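Number of protein chains: 6
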Amino acid sequence: MFYHDGKLQYTVSVERPNPQFAKLLQQAIGGVEGEIRVCLQYLFQAWNSRGPKKYRDMLMETGTEEIAHIEMLATAVAMNLEGSSMALKEEMAQGNPMVESILGGRDPRHILSAGLGAMAADSNGVPFNGSWVVSTGNIASDMYANVHAEASGRVLATRLYEMTDDAGMKDMLAFLIARDTMHQNQWLAVLEELGGTSINLPVPNSFPESRQINEFAYSFIKTGINNPDSQSDKGRWAMGPSIDGKGTFHVRLAQPMGQEPSLAATDPTVHVQVQQMTEGSMKTESFIEKAKDFITGH
Amino acid sequence: MFYHDGKLQYTVSVERPNPQFAKLLQQAIGGVEGEIRVCLQYLFQAWNSRGPKKYRDMLMETGTEEIAHIEMLATAVAMNLEGSSMALKEEMAQGNPMVESILGGRDPRHILSAGLGAMAADSNGVPFNGSWVVSTGNIASDMYANVHAEASGRVLATRLYEMTDDAGMKDMLAFLIARDTMHQNQWLAVLEELGGTSINLPVPNSFPESRQINEFAYSFIKTGINNPDSQSDKGRWAMGPSIDGKGTFHVRLAQPMGQEPSLAATDPTVHVQVQQMTEGSMKTESFIEKAKDFITGH
Amino acid sequence: MFYHDGKLQYTVSVERPNPQFAKLLQQAIGGVEGEIRVCLQYLFQAWNSRGPKKYRDMLMETGTEEIAHIEMLATAVAMNLEGSSMALKEEMAQGNPMVESILGGRDPRHILSAGLGAMAADSNGVPFNGSWVVSTGNIASDMYANVHAEASGRVLATRLYEMTDDAGMKDMLAFLIARDTMHQNQWLAVLEELGGTSINLPVPNSFPESRQINEFAYSFIKTGINNPDSQSDKGRWAMGPSIDGKGTFHVRLAQPMGQEPSLAATDPTVHVQVQQMTEGSMKTESFIEKAKDFITGH
Amino acid sequence: MFYHDGKLQYTVSVERPNPQFAKLLQQAIGGVEGEIRVCLQYLFQAWNSRGPKKYRDMLMETGTEEIAHIEMLATAVAMNLEGSSMALKEEMAQGNPMVESILGGRDPRHILSAGLGAMAADSNGVPFNGSWVVSTGNIASDMYANVHAEASGRVLATRLYEMTDDAGMKDMLAFLIARDTMHQNQWLAVLEELGGTSINLPVPNSFPESRQINEFAYSFIKTGINNPDSQSDKGRWAMGPSIDGKGTFHVRLAQPMGQEPSLAATDPTVHVQVQQMTEGSMKTESFIEKAKDFITGH
Amino acid sequence: MFYHDGKLQYTVSVERPNPQFAKLLQQAIGGVEGEIRVCLQYLFQAWNSRGPKKYRDMLMETGTEEIAHIEMLATAVAMNLEGSSMALKEEMAQGNPMVESILGGRDPRHILSAGLGAMAADSNGVPFNGSWVVSTGNIASDMYANVHAEASGRVLATRLYEMTDDAGMKDMLAFLIARDTMHQNQWLAVLEELGGTSINLPVPNSFPESRQINEFAYSFIKTGINNPDSQSDKGRWAMGPSIDGKGTFHVRLAQPMGQEPSLAATDPTVHVQVQQMTEGSMKTESFIEKAKDFITGH
Amino acid sequence: MFYHDGKLQYTVSVERPNPQFAKLLQQAIGGVEGEIRVCLQYLFQAWNSRGPKKYRDMLMETGTEEIAHIEMLATAVAMNLEGSSMALKEEMAQGNPMVESILGGRDPRHILSAGLGAMAADSNGVPFNGSWVVSTGNIASDMYANVHAEASGRVLATRLYEMTDDAGMKDMLAFLIARDTMHQNQWLAVLEELGGTSINLPVPNSFPESRQINEFAYSFIKTGINNPDSQSDKGRWAMGPSIDGKGTFHVRLAQPMGQEPSLAATDPTVHVQVQQMTEGSMKTESFIEKAKDFITGH
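Residue numbers (this note's numbering), protein chains in the order written: chain S, 71 to 368; chain A, 71 to 368; chain R, 71 to 368; chain B, 71 to 368; chain P, 71 to 368; chain G, 71 to 368.
FYI, nobody ran anything at the bench for these hints, they're computed from the structure. Mixed in with the good hints, there may be bad ones.
[Said to hold, decoys possible] Straight-line alpha carbon distances no greater than 20 Å define the calculated PhoX-like cross-link-like pairs of lysine-lysine that follow:
1. G:Lys304 / A:Lys77
2. R:Lys304 / B:Lys304
3. P:Lys304 / G:Lys123
4. A:Lys304 / S:Lys124
5. B:Lys304 / R:Lys123
6. P:Lys124 / G:Lys304
7. R:Lys124 / B:Lys77
8. S:Lys304 / A:Lys77
9. R:Lys304 / S:Lys77
[Stated by the list, open to error] Cβ-to-Cβ under 8 Å is the rule here; a few derived chain S residues that face chain R:
10. Leu110
11. Phe114
12. Ala138
13. Glu141
14. Ala144
15. Ala191
16. Pro298
17. Val344
Since we're looking at a predicted model, the values are computed, not measured. Think of the CB as a built atom: it goes at the ideal place given N, C-alpha and C, for glycine as much as any other residue.
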C-alpha cells in the first residue's frame, strides 16, 4: 500500500519559465527513457517477484521513489508553462515580424489538452506506452534492462542539463542525475551479488548449455563481404576467453547452413490468385475448409 | 549496401505443423524481445555511429546477421501454418463437441490478414513498434540495452523451446539460443574493452561528477515505512564500495527535501471553471491572449 | 513524495489459480477502464492543479490509493498463474484429444514475456497507452472524466465478478467495487460543491455564452430522414428547460447552413498529378517553392 | 444507412490562411478530444444499443451530426494550408535571418504526407486511436463518457477560439461551441430521465449492493501522512449524505487490511536464474512442462 | 452534411450466433483491411480534394456508403454475441471437462469492455489506428491505395465467407464482396480516365523526369549473390519496354556507388562516453552548447 | 541469409547540414510512406511466398535493396545533424531576439534520445508501426499495395526534393526517385504478367463470382441527396464496360435493402443499468452466468 506527504523529494524551482523547456522535459516523464517507465518497471518487477524476498523489498523501495521523480518533473513542466507571456511581450515590443513561428518548439497540447500542465507523453507528444515496462521474471535479464533504463535516463538528464541555464532546473536535474548514478550502481550490485558474469551468463543460466548448439555459442559471425578495411574483428569479442568464461571467442565467416525455403502451396480457401496455385505444389489440404466444417458442425 | 543468397542461416524444419506454435513464434519476430527489434537496433546503432570505426563495423555484422534470424522465424511460422488440417481431422473424427474453441490459441490474422504467413507483430497480434529501437549515441548505454535485448531474447527462446517437442523447432531454437549466448558475451566484451564498470560508470561518463549532487549519488533511499521485516537493505547495494568504485553505498530514509508545490493560477484564456480562478493567486498574465495577439498581428 | 508499507490494501487470495482469469484481470490493470489509467489520471490532475488547494490535496489521496489497487490486481494475476498445472494434469488424465486448444483463452505473453507475472497491458495484450490519462486543467471536465472512469471501472469489476466463482477473487472484487462506489460519489460531490449543473454547465463556464452562436445551443438536431418510427425526439433532450437552466430544448431538422466546399488548387510543388492542375483554379502561389527558397537562402 | 448533400452544416471561411492554426485544428479532428472520437463513439453506442429504442434513435442522430463536424474541421484545415506563401513572402522581403525556424509550429506531414490536406491525427501528428471510442453497453457509464467528451471538446474549442483572431475561424468555432453546449445538456438529460444520481448510482445499478463490501463504499480514504496542512478532507466528499443517497461520507485513514504478498516460486521451465530458485519455496509444479507434454502428445 | 435513415443497406441476419465469428468480424470493422479505414480514407480524400470537382463528388458518395458497411458489420457482431449461451449449455450438458478453454477464440473485451457489442478494434483487439488513412493529395497514388484497400478488403471478406456456414452471414458477406468488386473497378476507372499507366506513371507525373537519375529508373537491381537457381530475373520486370512506356527494363547487379560513411565526431554536450571522443575526429563544434547559450541569452 | 559491404548504394553528401531537414527526412525512414515499411513489406511477402518461385526470388532482391535505402537516409539524417552550430552562431551574431523559437522545426529527440542520429520514427516522432507491413498472401492485392507504397514514397521524395536546395541531398533524392520509378513499374509488370485487370480482377480471382451478389457488383451507388450540381456520376465509373470486363457500370440511388436493426436485450450479467432491461425484449438467456458456472465447475 502507498502513502504520500504532499511534498517534493527535492526542491523544484524555475527562474524563468520556458515553455520550450517544458516540452523537452516531457521526454523525462513519458518518454521511453522517462520516469513513468522506470516507476512501473520496478513496481511490476517487485509485484511479480517470486523470491528471494530481499529483491522484492528492494525493488519496491526504488519503484516508490520513482513516483516522486515523476511528481518533480510534472511540477517542473507546470512551472515552466507559467508566466511565459513575459518573454513574449518583450519580443512583441521589439516588433518581431516572424509571426508564424511563435509556437515553434512548443507542444500545442500543453495548452489545448492539458491547460498548462504536464502530460503522460514524450517530447513529441507521443503517449507513454506500456510495452516499455520490462518484467521478464528473470532477475539478470531485468537487471540489465534496469541498468540500461538508468543509463539512458542519465544520458537524457545530462542532455537536458546542457540545454538550460536556469539555475533551478539545473539544480533539480543535478539531483536526478545523482539518483541515476545510484540506481545504475544498484542494479549492477544485484548482478554482482548473484555471482557476476561468470555465474549469471548466459542469461537465463537455468537452461542446460548442452542443449544449445554450442559450436555457435562463441563465434563472432562476419556477414560483411568485399570490405578489406573492416575492423569488425579487431575487438575483444573476436578473440580470447568469452566474458562468461565458458568458451573462447573466435571469428567465423557467415555462410548458409540451411536450405532455400520452399513452402507448401496455399490452401485454396485463403483465396490467393488462381495463378499462384500451381498444381504440383498443392501438398497441403484445406485447413480453413475443415475448420469451417468443424465450427459449423458439418 | 546489402545482399542475400536466398538460403537460411540454419536449417528450419517442422515435423508436425502447429498453428498455435506459429502464434507463439510471433513473439520472437515482432515482439519487444524479438528479432526485428534487435536487427533495427544494431543497424541504427551502426548507422548513427560516430566512432571509433571498429564498433560501427562490428555492429553492422551482427545487425545484418539478425535479418537472417527474422527470416528463419518467419519461415518457421509459415511452415507451422501448413498442414494443420491433419490434426483437426483427427479430432473431428473423434466427434469433439466443443466446437467453439477450435480457433482458441491461434492468431486469427494468420488466416484473415496474412493468408497463412508471418506478420510484423507479437504473439498477441500487437504490431511491432519503432519506439523499441534503442540508439542513444552513448555506447555504454546502448551496450546495456543490447545485453538486455539478448538476455530477454534468450529467455524467450528457452521458453519457446520448452513449449514444443517438435525436433525441428527445438533444433532451430537451440541454434538461436547459442547465438544469443554469443551476443550477450559480445556486448559485454565491448564494455570490458572500454574499461569496465570502473571506467564506464556512471553512464554517461563524460558528465563532470562534480555537477551532480554527490551526496545522493550512492544512497539507497528507503521509501518503505512500518515494515520491520523488510530486507530491502540486506544487499550489496546498501553497503560497501559502489560498483563504479567512486563512492560508498549507504542507506538513507526517504524524507522530503523539497517544498509543497504551489502553482500559479491558470491564465483565464485556457478556460478552466470560474470557480478555479481565485483572485489572490492570479499572479500570471495571460499567455494565450498575448500569443493570439502576436500571431494575429494585434 | 511517496511511501509504501509492503502490505496490500485488502486481502488477495485465490482458491484455485486460473490462467484464463489472469488474462481477464489484465483489463483491470492496463486496460482503458483499468487502474493504471485512473492512478495516473488522478495524480496528473493533482500535480497540474492550480487551485483551490483542497482539490489538489484530495486528488493526491485517491491517486495514491489507486497505486495500491494496481498492486492488488498485479498480485492477483501472479497468483492466478500459479499451480495451474494441477488442472491441466487432471484434464490430461482424462485423455482430452483436443490438444491444440489448451492455450486458448490464455495470454501467451504471461509465460513468454512475463514469466508468470502481470503486465502493463489489457486483456488482449494491448499495451497501456498514456493518451488515456485525462487532465485538462478544467475541473468540471476532469470530474466528468473521473466519474466515467469509475463507472466503466465498476462495470468492468462487476463483469469480472460474474465470471468467477473463486471466493478469494470475488472478495477482492467486492472490495474494489465498493471503492468504485465511493469514487463515483466523490467526483460528483466535487461537482455539487462547485454549484451543480446550473453553475458548471456548459463546461467551461468561463467562456462568455454570448460568444457562442446561441441559436444552436439548445437545439436537438435531427439528421434522420425517411424514418417515421424514430423515437429520437421522444426524450427529455427534446423539450423543456435545458439541464443547465439557460435555455429550452427544442428540435430542429438538420439542414446545411454552409457552402459546398471548394478548395483552391494545390501548389504545384506538392506534386499532385498534372491532370489535377486545372488552369482556372490555380489561385494559390507556390508555398513550398517559397519555403525552400527561404530556407536555403535564395 | 447514410446520405450526404455535399454542403457544410455551417459556413467555414478563413480570412487569412495560417498553417500553424491548421496544425492546432488537428487536435479537434483526430485528438482524444476530437470529432472522430465522438462521431464513432455515438455511432457505436447506437449500433450496440439493446434498448430502449429511443436512445438508439437519438444516438444515431447526433453521431451522424458529428460526421459533419469532422467535415467542417477538415475543410478548415485545408483552407488554412492555402495561400500561406503570402505571409512567407512578406517575411522574406524583410530579410529575416532566422532561416531555420520557418517551419516551426507547422506539421511537416501536412505537406509531406497529406499534400496540404487534413489528416486523421492530433496536433502533434499522433494518429487517432480506436481505443478512445467508449461503448460499454451501460448507458449511465456511456452518458458520463459523453458528457466528458463534450466538455473536453468544448474546452478545446474555446482554447482554439482564443488562439485566433480570424473572423471566419472564430465564427465556425462559435458554432461548434454552441453544439457542444447542447450535447452536454443532451447527455445529462438522459441521465435525468433515467432517474438522476439517486437511481443511476452507483453505476452499474444492476449489481446488488449487498455484494459489495459496503463498509468501504462511502469512505474517503486518506493516504496522506505527515501533512497537517492538507485540506483533503475539507470537502463535500468527506461528510454528509453521499450523492447517491445510499450512505454517509466519512473519512478513514489508510491502513493495510491485506497481507504482505508472497508468491509461490516460479516454475523452472520459465527459466529464471538458478539463484532465484530457492528450494524451500518451490511449491508449484511445472506448468509449462506439462503444457508442452500435453500439446505435443506426451 | 450527413443524414441517416436508421435502416441497414442490406439485410443482416444470423442463424446461429457465434461469439468466435464475432471476433473474426472485428477484422472487417477496425482492422487495417476494414471498413473504418476505407470510410475515413475516402472521406478525407474527398474533403482534401482540390479538383477536379467530379472526383470529390464521387469520393463523397462511396465514403458515405462505407459508413453503412461499418453499421452492417457492427450489427453483425452484436447479433453474433447474442444467445451464445445455448451452445454453451449443450456442451455443458455433455460434461466437457476442458473447462479452461471455453473462452478460447473469443475476444474477452466483447464482454468486459463492450457489454456484448462491437468495438473500433481488429480481431486481436488492437485498436483502429488513424495512420492507416491514406490521403496524399496525389490522385494516382491515392487510387492505388484505394484499389489495394478494396483488394485486401475483398480477400478478407472471402476468407470470412469460408469460415462460416451461417446462411445469414454468408449472404451479408456476399453483398459486401460484390461491393468490393465494384470499388476495385471504380478506382481503376479513375486511373483509366486519367490516361492509364502511360500517362500516370511514374507517380507523381508532375515531377520532371529529367531530374531523376534516369540511368536507374528502369533497372532491376539484383542484390542476390551465390544463388544460381534464382529466377528473380525471369519475369516481365527484367526485360522489354517498361510499363509506363518511358524506358526499357534491364538487369543490373547490385554494387555500391557510394562511399563508406564516416560521420563527424559527436558534439561533447550530447554526452557520449569519453572513450568515443577521439581527438582526431572532433571536427564539429558544440551544437547544444550553443543552442543553450542562445536560448538562455548567454 | 544476408550480407553487407559497408558502403552506400549511392553517394550521400550534405553541403550544409540542416537539422530541420533531418526532421523531414525521418518521414522517409520511419513514416508510413517510408523505407522501413517497404523493406519489411517486400521481405515478408518473399518469406511468406508459396509460389511461383520467381516472385519470391524477385521480392527478395528488392526487399534487400530497400535496406540500403534506409541506410542512405539514416546516414543523411546523421549528416544533417552535424555542424549545425555554424548557422546558429551566425544568427546569434546578429542578435536575433526571438530566443524561444530556435528549436522550432527540429525534432527534440534527435538530441535527447538519439544523440544526433536517426530514429525508427516519422517526421513527427511517431514510431514506425508494424501494422503498415502488408503481406496478404494474395499476390495481386500485395502488388497494388506495393504500387501505392512506391507511389506515395515517390511523392514524398519529390516533396523533400522541393524543400531543399542542398545539392548533395537533391542528388541522393534524385537517385531514390529513380528507384521508385522502377519499383512502380516492377510491381505493375507482375500484374501484367499475371494477366492484367481482365484476369486479376476482382481480387481475389479465386472466389467464384457466382457467390457474390452480382446485382451490386458493378453499380455505382449514389448516397448523395439534394445535390443537383453533383458530378459524381460523370465519370468512367458510371457507364461503359467495367474495368475487369465482367460487367457494365451503372448508377443506382442508395436505398436501404435491410431492416432497422433490433438487437436482443442484454444479458443481465453484463450489468447494464436496470432501466435498460425492459421485460419484453429479454429474449436472450444469461451467457456470462453460464460461462461462469461452466468455468468454475458449477
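Hint check:
{"no.": "1", "hint": "G:Lys304 / A:Lys77", "result": "53 Å, violated"}
{"no.": "2", "hint": "R:Lys304 / B:Lys304", "result": "42 Å, violated"}
{"no.": "3", "hint": "P:Lys304 / G:Lys123", "result": "10 Å, holds"}
{"no.": "4", "hint": "A:Lys304 / S:Lys124", "result": "7 Å, holds"}
{"no.": "5", "hint": "B:Lys304 / R:Lys123", "result": "10 Å, holds"}
{"no.": "6", "hint": "P:Lys124 / G:Lys304", "result": "7 Å, holds"}
{"no.": "7", "hint": "R:Lys124 / B:Lys77", "result": "49 Å, violated"}
{"no.": "8", "hint": "S:Lys304 / A:Lys77", "result": "28 Å, violated"}
{"no.": "9", "hint": "R:Lys304 / S:Lys77", "result": "53 Å, violated"}
{"no.": "10", "hint": "Leu110", "result": "6 Å, holds"}
{"no.": "11", "hint": "Phe114", "result": "6 Å, holds"}
{"no.": "12", "hint": "Ala138", "result": "5 Å, holds"}
{"no.": "13", "hint": "Glu141", "result": "6 Å, holds"}
{"no.": "14", "hint": "Ala144", "result": "4 Å, holds"}
{"no.": "15", "hint": "Ala191", "result": "6 Å, holds"}
{"no.": "16", "hint": "Pro298", "result": "39 Å, violated"}
{"no.": "17", "hint": "Val344", "result": "30 Å, violated"}
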